[in-house]
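Undergrad: Put together the whole structure using the sequences plus the hints.
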Amino acid sequence: MVYLVVGALILIFHRSMIYHPNLIKRNFYDCPAFDDSEKINTNGTRAYYKHTGNRIVVVYNGNAGSACDRSHLKNVFEENEYSYLFVEYAGYGGDDKKPSRELLFRDAENIVSFLKTKNYTQTLLFAESIGSGVASYHATLMPVDRMLFIAPFDSLVNVAKTKFPVFPMFLLEKLSKENYDNLALLGDYTGDLRIIHGAKDNVIPFKHGKALFENINIPNKEFIIIDGAGHNDIYDFEKTWKSISDFL
Numbered sequence: 001m002v003y004l005v006v007g008a009l010i011l012i013f014h015r016s017m018i019y020h021p022n023l024i025k026r027n028f029y030d031c032p033a034f035d036d037s038e039k040i041n042t043n044g045t046r047a048y049y050k051h052t053g054n055r056i057v058v059v060y061n062g063n064a065g066s067a068c069d070r071s072h073l074k075n076v077f078e079e080n081e082y083s084y085l086f087v088e089y090a091g092y093g094g095d096d097k098k099p100s101r102e103l104l105f106r107d108a109e110n111i112v113s114f115l116k117t118k119n120y121t122q123t124l125l126f127a128e129s130i131g132s133g134v135a136s137y138h139a140t141l142m143p144v145d146r147m148l149f150i151a152p153f154d155s156l157v158n159v160a161k162t163k164f165p166v167f168p169m170f171l172l173e174k175l176s177k178e179n180y181d182n183l184a185l186l187g188d189y190t191g192d193l194r195i196i197h198g199a200k201d202n203v204i205p206f207k208h209g210k211a212l213f214e215n216i217n218i219p220n221k222e223f224i225i226i227d228g229a230g231h232n233d234i235y236d237f238e239k240t241w242k243s244i245s246d247f248l
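Residue numbers (our numbering): 1 to 248.
Read the hints as simulated data drawn from the structure, not as lab findings. One thing to keep in mind: the hints can contain errors.
[Unchecked claim] Distance condition first, Cα-Cα at most 27 Å in a straight line; then the derived DSSO-like pairs of lysine-lysine:
hint : residue 1 : residue 2
1    : K163      : K200
2    : K242      : K50
3    : K118      : K50
4    : K98       : K161
5    : K207      : K163
6    : K221      : K239
7    : K200      : K221
8    : K200      : K242
TA: Written out as structure tokens, the structure reads:
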């Protein structure tokens, strides 16, 4: 009985376990770090946009915080002459919606519509953690040349099975609308992929990034291990930044 009750509670509250938009409360329009960028709204999806070259990188961040909190990434993109779009998810950055896979996928759809009005010669998707699920969906909507994932997973349900091995995850798999199945979404992807994962990641365990890498059937893929890195400190390691810059 306890087994089923706990499983039911996980099913009921799993959305609040997945999304953490207010870990750092910050309004999208109040972000001095992006004062040199356009703050755009495309069909309801907000993003920090800067045109600096003929190639563009689209950033889909992880589940905690906001796009503004990823401003530390913009310099490496600018140094490599990439234009950029840092996407703010629905329900994040001061938005009063409740985040969900449906809304995040809609954000990806709106970003794709925006990109189709431009003439970039190359599109790179940069994604962290749950953002890899949004990026994988994005790649089903338009041609994408390259993807760089930080701490991704094969599927979110598989991560849940690792974290709660004794509970009935089949309920979550059957009934949840929040699973991000990257392997399924990337079934037709043919571009380049680099995965960077911390060896000590206990949020998205290392084995799930490795499972994505090993099971995706593309010729140009690379898996880079950051020894000593966890989930939230991976940018503290010089090897991470070198791996990002070299790929760009």
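Undergrad: Does the alpha-carbon distance linking K200 and K221 stay inside the 27 Å limit?
TA: holds, 22 Å
Undergrad: Keeping to a limit of 27 Å between CA atoms, is the pair of K207 and K163 held or broken?
TA: Holds: K207 and K163 sit about 12 Å apart, inside 27 Å.
Undergrad: When you check the alpha-carbon spacing of K118 and K50, does it fall within 27 Å?
TA: holds, 13 Å
Undergrad: Within a Cα-Cα threshold of 27 Å, do K163 and K200 meet the stated pairing?
TA: At roughly 15 Å apart (the allowed maximum being 27 Å), K200 and K163 satisfy the hint.
Undergrad: Is it true that the CA of K221 sits at most 27 Å from the CA of K239?
TA: Judged against 27 Å, a Cα distance of about 18 Å means the pair holds.
Undergrad: CA of K200 to CA of K242, is that 27 Å or under?
TA: holds, 19 Å
Undergrad: Check whether the Cα positions of K242 and K50 lie no farther apart than 27 Å.
TA: holds, 23 Å
Undergrad: Is the hinted pair K98 and K161 satisfied, with a Cα-Cα distance of at most 27 Å?
TA: Answer holds: K98 to K161 is near 24 Å, not above 27 Å.
In summary, this structure violates none of the numbered hints.
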